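Residue numbers (UniProt numbering), protein chains in the order written: chain A, 1 to 350; chain B, 1 to 426; chain C, 1 to 335.
Hints were generated in silico from the structure; no laboratory data involved.
Note that the structure is predicted; figures quoted are calculated from it, not measured.
A hint or two may mislead.
Unchecked claim - Reference listing, derived: stretches of chain C covered by chain A, where coverage requires no fewer than 3 residues with Cβ under 8 Å from a Cβ of chain A:
hint	stretch
1	10 to 19
2	112 to 119
What the hints assert, rightly or not - Straight-line distance between alpha carbons at most 27 Å, and here's what the computed DSS-like set of lysine-lysine pairs gives:
hint	chain 1	residue 1	chain 2	residue 2
3	A	208	B	66
4	B	47	A	294
5	B	54	A	294
6	B	160	C	168
Backbone N, C-alpha and C fix where the C-beta goes; we use that ideal spot for every residue, glycine too.
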Amino acid sequence: MNRVARLLLVRRKSGRWHWTDIAAYSYLALGVVLMFGPVLWLVLSSFKTQAGLLEFPPSLLPMSQREVMVQGFPQPLPLFSATLDDGSTRVLAQVRRIGIVAQMVDPENPAQQFRIPIDKRTPVREFKLATENYTEPLERFAFTRFLGNSVFVTVVATLITLLINSMAAYALSIYEFKGKNAAMLMVVGTLMIPITIILVPVYLVITKLGLVNSLWAVILPGAATPTGVFLLRQYMLTLPRDLIEAARMDKASEWQIYWRIVMPLAMPALAVLAIFSIMWRWNEFLWPLAVLTKTEVHTLQIGLNAFQGELQTQWHYLLAMTVATLAPVALVFVFLQRFITTGIANTGMK
Amino acid sequence: MTMRAWVSALAVVTGLLAVDVAQAQTTVRMSWYSDGNEGEVVADLLKRFEAQNKDIKIVLDQVPYKAITENLPVQLASGQGPDIARVVDLGGIARYALDLRPYLKDAAYWDANFGPFLEWMRPQGDTNSIPGFMTQLTVTGPFVNKTLFEQAGIALPGAKATWEDWAKATKDVATKVQAPFPIAMDRSGHRFFGLAISEGAKLFDAKGEPAVIDDGFKRAAQLVYDWHKSGVMAKELWGSVSGAAYRGANDEFKNAQVVMYMSGSWQIAQFDKTIGNAFDWVAVPTPCGPAGCTAMPGGAGLVAIKTTKNPAAVARVMEYLASEPVLSEFYSRSLFVPGHIGIAAKGLDYKDASPLAKASLKVFSDQVAGLSPVAYRLQGYANNRIIFNAVISRVGQAISGETTLDEAYKRVASDVEQQIAERNKK
Amino acid sequence: MTPPLSLRRSAARWLGLFVAALMRLIDWPMRGLQRLLGERRMAYVFLLPNLVFFSLFVFLPLIINVVFSVTGGAALFPSERPYVGGGQYAYLFDCDSFLDPGSCREDHFWRGVANTLRFTTFQVVAMVLFSLVTAVVLNMRIRGRGFFRAVYFFPVLLSPVVVALIWKWILQRDGLLNAGLTALGGQKILFFIDPGWAMFWAIFVSIWAHMGFYTLILLAGLQAIPADLYEAAEMDATPRWRAFWRITLPLLWPNLVVVIVLALIRGVQTFDEVFVLTGGGPGTATLMVVQYIYETAFSNQVQNFGLAAAASVVLGIVLFGLTLAQLAASRRRSA
Numbered sequence: 001m002n003r004v005a006r007l008l009l010v011r012r013k014s015g016r017w018h019w020t021d022i023a024a025y026s027y028l029a030l031g032v033v034l035m036f037g038p039v040l041w042l043v044l045s046s047f048k049t050q051a052g053l054l055e056f057p058p059s060l061l062p063m064s065q066r067e068v069m070v071q072g073f074p075q076p077l078p079l080f081s082a083t084l085d086d087g088s089t090r091v092l093a094q095v096r097r098i099g100i101v102a103q104m105v106d107p108e109n110p111a112q113q114f115r116i117p118i119d120k121r122t123p124v125r126e127f128k129l130a131t132e133n134y135t136e137p138l139e140r141f142a143f144t145r146f147l148g149n150s151v152f153v154t155v156v157a158t159l160i161t162l163l164i165n166s167m168a169a170y171a172l173s174i175y176e177f178k179g180k181n182a183a184m185l186m187v188v189g190t191l192m193i194p195i196t197i198i199l200v201p202v203y204l205v206i207t208k209l210g211l212v213n214s215l216w217a218v219i220l221p222g223a224a225t226p227t228g229v230f231l232l233r234q235y236m237l238t239l240p241r242d243l244i245e246a247a248r249m250d251k252a253s254e255w256q257i258y259w260r261i262v263m264p265l266a267m268p269a270l271a272v273l274a275i276f277s278i279m280w281r282w283n284e285f286l287w288p289l290a291v292l293t294k295t296e297v298h299t300l301q302i303g304l305n306a307f308q309g310e311l312q313t314q315w316h317y318l319l320a321m322t323v324a325t326l327a328p329v330a331l332v333f334v335f336l337q338r339f340i341t342t343g344i345a346n347t348g349m350k
Numbered sequence: 001m002t003m004r005a006w007v008s009a010l011a012v013v014t015g016l017l018a019v020d021v022a023q024a025q026t027t028v029r030m031s032w033y034s035d036g037n038e039g040e041v042v043a044d045l046l047k048r049f050e051a052q053n054k055d056i057k058i059v060l061d062q063v064p065y066k067a068i069t070e071n072l073p074v075q076l077a078s079g080q081g082p083d084i085a086r087v088v089d090l091g092g093i094a095r096y097a098l099d100l101r102p103y104l105k106d107a108a109y110w111d112a113n114f115g116p117f118l119e120w121m122r123p124q125g126d127t128n129s130i131p132g133f134m135t136q137l138t139v140t141g142p143f144v145n146k147t148l149f150e151q152a153g154i155a156l157p158g159a160k161a162t163w164e165d166w167a168k169a170t171k172d173v174a175t176k177v178q179a180p181f182p183i184a185m186d187r188s189g190h191r192f193f194g195l196a197i198s199e200g201a202k203l204f205d206a207k208g209e210p211a212v213i214d215d216g217f218k219r220a221a222q223l224v225y226d227w228h229k230s231g232v233m234a235k236e237l238w239g240s241v242s243g244a245a246y247r248g249a250n251d252e253f254k255n256a257q258v259v260m261y262m263s264g265s266w267q268i269a270q271f272d273k274t275i276g277n278a279f280d281w282v283a284v285p286t287p288c289g290p291a292g293c294t295a296m297p298g299g300a301g302l303v304a305i306k307t308t309k310n311p312a313a314v315a316r317v318m319e320y321l322a323s324e325p326v327l328s329e330f331y332s333r334s335l336f337v338p339g340h341i342g343i344a345a346k347g348l349d350y351k352d353a354s355p356l357a358k359a360s361l362k363v364f365s366d367q368v369a370g371l372s373p374v375a376y377r378l379q380g381y382a383n384n385r386i387i388f389n390a391v392i393s394r395v396g397q398a399i400s401g402e403t404t405l406d407e408a409y410k411r412v413a414s415d416v417e418q419q420i421a422e423r424n425k426k
Numbered sequence: 001m002t003p004p005l006s007l008r009r010s011a012a013r014w015l016g017l018f019v020a021a022l023m024r025l026i027d028w029p030m031r032g033l034q035r036l037l038g039e040r041r042m043a044y045v046f047l048l049p050n051l052v053f054f055s056l057f058v059f060l061p062l063i064i065n066v067v068f069s070v071t072g073g074a075a076l077f078p079s080e081r082p083y084v085g086g087g088q089y090a091y092l093f094d095c096d097s098f099l100d101p102g103s104c105r106e107d108h109f110w111r112g113v114a115n116t117l118r119f120t121t122f123q124v125v126a127m128v129l130f131s132l133v134t135a136v137v138l139n140m141r142i143r144g145r146g147f148f149r150a151v152y153f154f155p156v157l158l159s160p161v162v163v164a165l166i167w168k169w170i171l172q173r174d175g176l177l178n179a180g181l182t183a184l185g186g187q188k189i190l191f192f193i194d195p196g197w198a199m200f201w202a203i204f205v206s207i208w209a210h211m212g213f214y215t216l217i218l219l220a221g222l223q224a225i226p227a228d229l230y231e232a233a234e235m236d237a238t239p240r241w242r243a244f245w246r247i248t249l250p251l252l253w254p255n256l257v258v259v260i261v262l263a264l265i266r267g268v269q270t271f272d273e274v275f276v277l278t279g280g281g282p283g284t285a286t287l288m289v290v291q292y293i294y295e296t297a298f299s300n301q302v303q304n305f306g307l308a309a310a311a312s313v314v315l316g317i318v319l320f321g322l323t324l325a326q327l328a329a330s331r332r333r334s335a
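Isolated chain A (complex conformation) (with noise of 0.2 Å):
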């Protein structure tokens, strides 16, 4: 805290206004446009119907295009602003198109008919959000289930990693120990290797282990993951040693050390893991798409994905999709944005 308020000091007195403040705060603003507005982009357009997706120019707000109950029409007719041969313009419902032209009447007077060509005329729009996007897919699937699903994935693995690479991290910051170095360069050597390029073996592996289309095929594979070894261990060798050495004195069995001692301290090492492997867990799509194939085991990502064809993106629900696997992640940051932020920058990445 001392440290940050010396920073604060070592400033230029307060007051007056350099060229870089000015550029400091013009980055940043521009920062925020770029960083924020892509992701709200993203959540207006999942709001639109499918036809107001394909507009060019995009509207701003999800808008479609107005009806009118006309009297004499059994169903709503769509409303156009037309312009006449006399060059006025008028709100016009549309009754049918045939060719290039339009048959029109005026929703107030619906004997008055009128024919206009389909350039002259242009939709009456207003701002209406397109639910259905959400709740069409929603309704079509077993969204508890696939949720359900989701959170005991997420949740079990997210404890499992924590709890064995925290062990592992002990082991290899607090021992010396035969073949450390052997272990050292097995968590260092596999650190780079992605997992889409071991997804055959893996699957072979857990078809042996009698786990396909069980949720702990999600879970076990991911569990030991060399970035965290690496993370909590660079952490934990900034721990004290005297504060382990004390308590062994006092007879604490080395567990309880690592229970007792090791775990709190670690905590912010262990908050960052956890969000990583929360997020990770979360958006998982690939290996799941590969080892779960049944319905009742689906997780979020896989069965939102299900009106995914051969033929064509259906957009309207990708996107509406997209946004509500969002949502929870969302929540997650802006109640634990401070904690993520500052557990990041005190994991002693140095």
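Fit chains B and C to the supplied structure of chain A, relying on the hints for placement.
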């Protein structure tokens, strides 16, 4: 949060237990991907089956298409597949398919109505088995935005017009109405071969071995290549992504940016639903080349899987779905071209379709009779996807400017040869 | 919505008691083990669970992969696959010239390698630059630092697929960016059919998504630099840029190394982000090597596990080399 997680974890565990109990009765699992509403239609039909057959429970696993193309083969190879699956790579899946013949009450019905399509699903050399039926027969063909033609004041080319005629007409229309895509063709080897066979591609040599690169093929590839140069086709489809990835222009067509969209019958349902009254869209007969005016047949089949533990129950489900009244209802509600000869001969009444959709379905159904034997042969060839993928990947590279067409020809030939050799290594 | 505080408290307490009891339960056999093995060898016990998982799901698959790479055919189980020796490797390395990917028999692999190299180089340089600038700005005396820090960080939490989808939606022909360009009187640019643009956006999006993480690492380093150093510099009337060059950069070096190494690892592993954004195109201009491996094993109609495995072994060896280089670098800075 943690509390709730525990509760939901408990819910999941009890849920899994409940499923185990239910599995005491015969369960049939079906993997199904959807392009449109066919998933809902089939779920509805299966519910009716379950009501009549209390001893069989059907679980419909609706999966993304990616799961069918990429993961299903691995699952089948490891014996972890479903009992029934809706697949597109019929030749590739053939070796995992179950022969339903011994279990069927009326195999003759299947031979009579699905005969020509059964060949697509059989392993090489097999002429007898009944692995499944077509949930949809597709026919490739062009859709035209008629309203754009009217706005430009240009007449639609007639029934026997050539590809060159269409290229000229659509380019003129596009220039007048400022549409960015005169012709758009799906980025798919399958779509390309309608054109290639019309231009004279033969695909197989006298011994029946694949010989993809010939004069007809080159003529077609050159046409597509030149169209990209002259702006008849936009690079966004063929020249954008790498490898065999599919790209369609259905969104652009719906948005009236495409004058002629070379795709196929499966687009009808969604065009009907989303274009509505915005413009007139029509299907037109496939344009002609020196060797004819053929489209490509294709489609998705529902195939029974060999590893099933309950072949008899699977056969009963398949029999129900393939029966004429049920299948007619399925085709007509999902707006699919029937893959059932009896139904096709009688003509199908698409009750829910608009006049535009009905007219298009008729054009496509009429195309079936004019398909070239080469097109049928290619569709029935077990390694056809190897050819499709090699062509789209290599010609795509040439169109993007990365290589030349001559280079692409060489690589298509060697890719096909190498991949077939790899598949046959025992 | 939220349960009353008392209820939450008691729930937390019960959970705490439960966990404490569980740990005591574990402690009992652990003590026994400790008596048996002695204090120091308890390390093996702590290492064991991780090792089991690691051997099963990382080490064993790596070995299976090596086995795959010397076999051919389309069968899935290694026992059913015919032995082909170095055939897959020979095929992979069949090139007229290694400087021209187009001359290779399996040109896609080499184009993937070349693209990954190009992508990683530019991405790492730009990533370091942007996160450094941002960290420096965030380290200045500004209001709402916590807010801005969060703004830059939050894309880190999005999945690669979502990130790519968001930007694809903005960059496509009729997307937001082109709407802006036409509104300003410009022409639409088709970003994904131009190799240069496609690579540019692939790098841009990757920086957008990950720079928050690196910024925080650098920010932590900046805040650890003793303030009196700057005070002294100010006394001497040292120009700011010079102070930055002489004080900030050298003291920040350890953090910079971490950033460079992590960005390098991630760059080489890049797959889904770029794949969803550009599809590897146009042509093969943004085809990454991991995408090549994935597609060879899964997406191609003949799922060629042998060739994919050979390619992944080659990639693995390269990555291992990079890791050793990283170790050497970190040794040097700690020495």
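Which of the numbered hints above does this structure break? Those not satisfied are hints 1, 2, 6.
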